[in-house]
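Peer 1: Single-letter residue listing:
Number of protein chains: 2
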Amino acid sequence: MTDQATSTIVPVKLGDRSYDILIGGGLIERAGQEIVSRAGKTMRAAIVSDETVAGLHLERLQAGLTAAGIESTPVVVAPGEQSKCFATLETVTNAILAARLERGDIVIAFGGGVIGDLAGFAAGIARRGMGFVQIPTSLLAQVDSSVGGKTGINTAHGKNLVGVFYQPQLVLADTDVLNTLSLREFRAGYAEVAKYGLIDRPDFFAWLEANWRGIFDGGPERTQAIAIACQSKADVVERDEFEMGDRALLNLGHTFGHALETATKYDSSRLVHGEGVSIGMVLAHQFSAKMNLASPDDALRVEKHLRDVGLPVSINEIQGQLPPAEKLMEYIAQDKKVTRGTLTFILTRGIGQSFIAKDVPPSAVLSFLKEKHPA
Amino acid sequence: MTDQATSTIVPVKLGDRSYDILIGGGLIERAGQEIVSRAGKTMRAAIVSDETVAGLHLERLQAGLTAAGIESTPVVVAPGEQSKCFATLETVTNAILAARLERGDIVIAFGGGVIGDLAGFAAGIARRGMGFVQIPTSLLAQVDSSVGGKTGINTAHGKNLVGVFYQPQLVLADTDVLNTLSLREFRAGYAEVAKYGLIDRPDFFAWLEANWRGIFDGGPERTQAIAIACQSKADVVERDEFEMGDRALLNLGHTFGHALETATKYDSSRLVHGEGVSIGMVLAHQFSAKMNLASPDDALRVEKHLRDVGLPVSINEIQGQLPPAEKLMEYIAQDKKVTRGTLTFILTRGIGQSFIAKDVPPSAVLSFLKEKHPA
Ligand SMILES: NC(=O)c1ccc[n+]([C@@H]2O[C@H](COP(=O)([O-])OP(=O)(O)OC[C@H]3O[C@@H](n4cnc5c(N)ncnc54)[C@H](O)[C@@H]3O)[C@@H](O)[C@H]2O)c1
Ligand SMILES: NC(=O)c1ccc[n+]([C@@H]2O[C@H](COP(=O)([O-])OP(=O)(O)OC[C@H]3O[C@@H](n4cnc5c(N)ncnc54)[C@H](O)[C@@H]3O)[C@@H](O)[C@H]2O)c1
Ligand SMILES: [Zn+2]
Ligand SMILES: [Zn+2]
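Respectively, the protein sequence lines represent chains C and L.
Taking full-length UniProt numbering, the leading residue of the first sequence gets 1, the next gets one more, and so forth.
Taking full-length UniProt numbering, the leading residue of the second sequence gets 1, the next gets one more, and so forth.
Don't take each hint at face value.
Claimed, not checked - Covered stretches of chain C, as calculated for chain L (at least 3 residues, CB under 8 angstroms):
#, segment
1, 94-105
2, 201-211
Stated by the list, open to error - Mimicking DSS-like on lysine-lysine, the simulated pairs with C-alpha atoms at most 25 angstroms apart in a straight line are:
#, chain 1, residue 1, chain 2, residue 2
3, L, Lys41, C, Lys358
4, C, Lys41, L, Lys41
5, C, Lys304, C, Lys358
6, L, Lys290, L, Lys265
7, L, Lys13, L, Lys41
8, C, Lys370, C, Lys327
The hints are simulated quantities; they were obtained by calculation from the structure and are not laboratory data.
Idealized CB from N, CA, C, for every residue including glycine.
Hey, can you work out the whole structure from these sequences and the hints?
Peer 2: The structure is reproduced here in structure tokens:
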């Protein structure tokens, strides 16, 4: 209650799909109150979570909801990327229906990006669309996946290839909940924070270079960084909700990153998403330098900062065997951001000057990859 | 080609989701041409169909698409309501991805309402939304399910409880394709045609009473009736795309009808949807008369016309055992159109004067059902 004044609000302006992101301490306890005061009524809720997050934080969330008059039913799935599949989607959707939720009731995604993507998809299809609230609990989910309305699951044909655009009505990013996140996952999320600086906020990147320790230590810099990251994402999403153009900028580092995730078979013991993005962003800057678009010094600066915070910055830091450059190139070509025949990449003219490059010659990418990853 | 001038166009005006419904002969052969000329480009297509429709008509459709430069991949599922399930949704979605369709490519629903609902849902979630064209082949699909953007599947918790609102970019209603439809299915679709007259078009109902034979025989009345039905549905959908209010009028006869479908366990040998709607519409008029809202003569007129065309008009025409009235009442209460506690029904003040009645006393419905269906 006493924390109320301290939460920062980032509005996401999408016409009748607009919503607020609240960022601050104590938001899990206060969730019920925030939801009811904004909705002007109570309702029922299904809380979709994973075993890890539920074990640590579910009780507090439910207590706050109950106190605010919201009856809730937990729907708990196994943690990890493998829950983003059709079978779990069916289980979660059926659980929402079994809880007898109506269209005015809400589905709460309570977990990392996996839970946000899965629960958001289920919320978007159960009764052709339920109320939906995101309470992201990983740094990655707070600064990236919970904002913007992309939901989805994976199939044999690739990651996130099936889903809906479905905006939440409210996002509650509790900065305290991140204290139980592993350092490795925290760092992975940090890669996405840094990404916003690299896309188009050079001052933010410089600020991160000076202040990243406060973010990791839970100082006021944490709330500040999450708010700027959310604002950055909101800006892009407001310009291009349905990913017809500009939104592709958010994929900086992701084309290389996804190829590496595929190469490691999404084995999180070897590479988690944010680590792939970290390496991918360094590669994107190096490749841009090689194409004479940006100075090599910028690539070095990106590499230094990400290494400082403890993130991997080169392909050879990945444990175990990797397929050869030719194979990585194939994975890149299969990536869904590729339009028939031509390669679209996010490249850069320097820190904070990223742009969408169409018609990147595949041969140039391949020879660059061979340099960075000799067989 | 020579038929081109004869197709009737009904526009559906939904802002940037607007589209046309084309109604007329020869549209299957001309589909490729119509799609390409409207899109201003060629593309790839996945054709979702069921075994029956594919066996009868797929070749002609594919030939026309190929001639127009559209490469197509058929995705054929078993006919019948049981294909509207998560497992088949997964199969169809994966087949769309396996065909390497991109967001600008199209999914074609080629079949009855089952295929439209299933393929539309898959089109809405594959790559978070593909191009989508409806080529409805049953009368019911042409006048009802292909228009308005509701897609979905069934679960153990009820029919159509999972899905998305996803509008097609074009609907091609080929009046010739209906010639291979069984008389029983044709009649079932006709119940939905008559429904539009009963909702708010008394003149159309009177016209149907005089002209229904031409519709069944494939005369010009068929195109005319389908066009008026589509226009009626489009009007309602334009007022209430996401079913927050008025769209509920389309459920005239459906609350009783769904209860009967549930009671017969969706066994199509006993009752198909349109037959349930036929009985349901008669019941809705009789119940309205009993509540002194409408004249009993109107109920008699509805009953007579539907019996004339060969549709069942009373509960006791259904083959086999039916559960008692109390059980039917339970099914009604479970229907998704019921808002917590209160019963919402579509009732009428006479032919073409239907309205949404909230707070219908369940006891009145039960005693009416006991009259119509004594144990
Ligand atoms: N929708 C989008 O726009 C978008 C954007 C980026 C990423 N994503 C998706 O997000 C997913 C990755 O998100 P993620 O990194 O959060 O993965 P995740 O959900 O798997 O979370 C990572 C791990 O942290 C644990 N965890 C989460 N919160 C915790 C907490 N407070 N304390 C302790 N443990 C906690 C989880 O149990 C899990 O084991 C991917 O599936 C990716 O595709 C989606
Ligand atoms: N989305 C909506 O707004 C909406 C509205 C009304 C009904 N529906 C749904 O539509 C479905 C019922 O539609 P339906 O009655 O078309 O069912 P259907 O798709 O099962 O078709 C009925 C039968 O006719 C066959 N058939 C279809 N076209 C044929 C042709 N030209 N020649 C020979 N056989 C043909 C099919 O193979 C099937 O066996 C239900 O699932 C219902 O929930 C949806
Ligand atoms: Zn990412
Ligand atoms: Zn119907």
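Peer 1: Taken at face value, is the distance from the CA of lysine 358 (chain C) to the CA of lysine 41 (chain L) at most 25 angstroms?
Peer 2: 21 angstroms, holds
Peer 1: Between the segment 201-211 of chain C and chain L, are there enough contacts, at least three residues with CB-CB distance under 8 angstroms, for the coverage claim to hold?
Peer 2: With 0 residues in contact (Cβ-Cβ under 8 angstroms with chain L), the coverage given for the segment 201-211 of chain C is violated.
Peer 1: Are the Cα positions of lysine 290 (chain L) and lysine 265 (chain L) separated by 25 angstroms at most?
Peer 2: The hint is violated at about 29 angstroms.
Peer 1: Is the hinted pair lysine 370 (chain C) and lysine 327 (chain C) satisfied, with a Cα-Cα distance of at most 25 angstroms?
Peer 2: It holds: about 11 angstroms lies between the C-alpha atoms, which stays within 25 angstroms.
Peer 1: Hey, lysine 304 (chain C) versus lysine 358 (chain C), does the alpha-carbon distance stay inside 25 angstroms?
Peer 2: Violated, because 28 angstroms separates the two Cα atoms, which is more than 25 angstroms.
Peer 1: Lysine 41 (chain C) and lysine 41 (chain L) were given as a pair; does the straight-line alpha-carbon distance stay at or below 25 angstroms?
Peer 2: 49 angstroms, violated
Peer 1: Check whether the Cα positions of lysine 13 (chain L) and lysine 41 (chain L) lie no farther apart than 25 angstroms.
Peer 2: 23 angstroms, holds
Peer 1: Mind checking, does the segment 94-105 of chain C have 3 or more residues with a CB under 8 angstroms from chain L?
Peer 2: As far as the segment 94-105 of chain C goes, the hint holds, because 4 residues have Cβ atoms under 8 angstroms from chain L.
Of the hints listed earlier, those the structure fails to meet are numbers 2, 4, 5, 6, in rising order.
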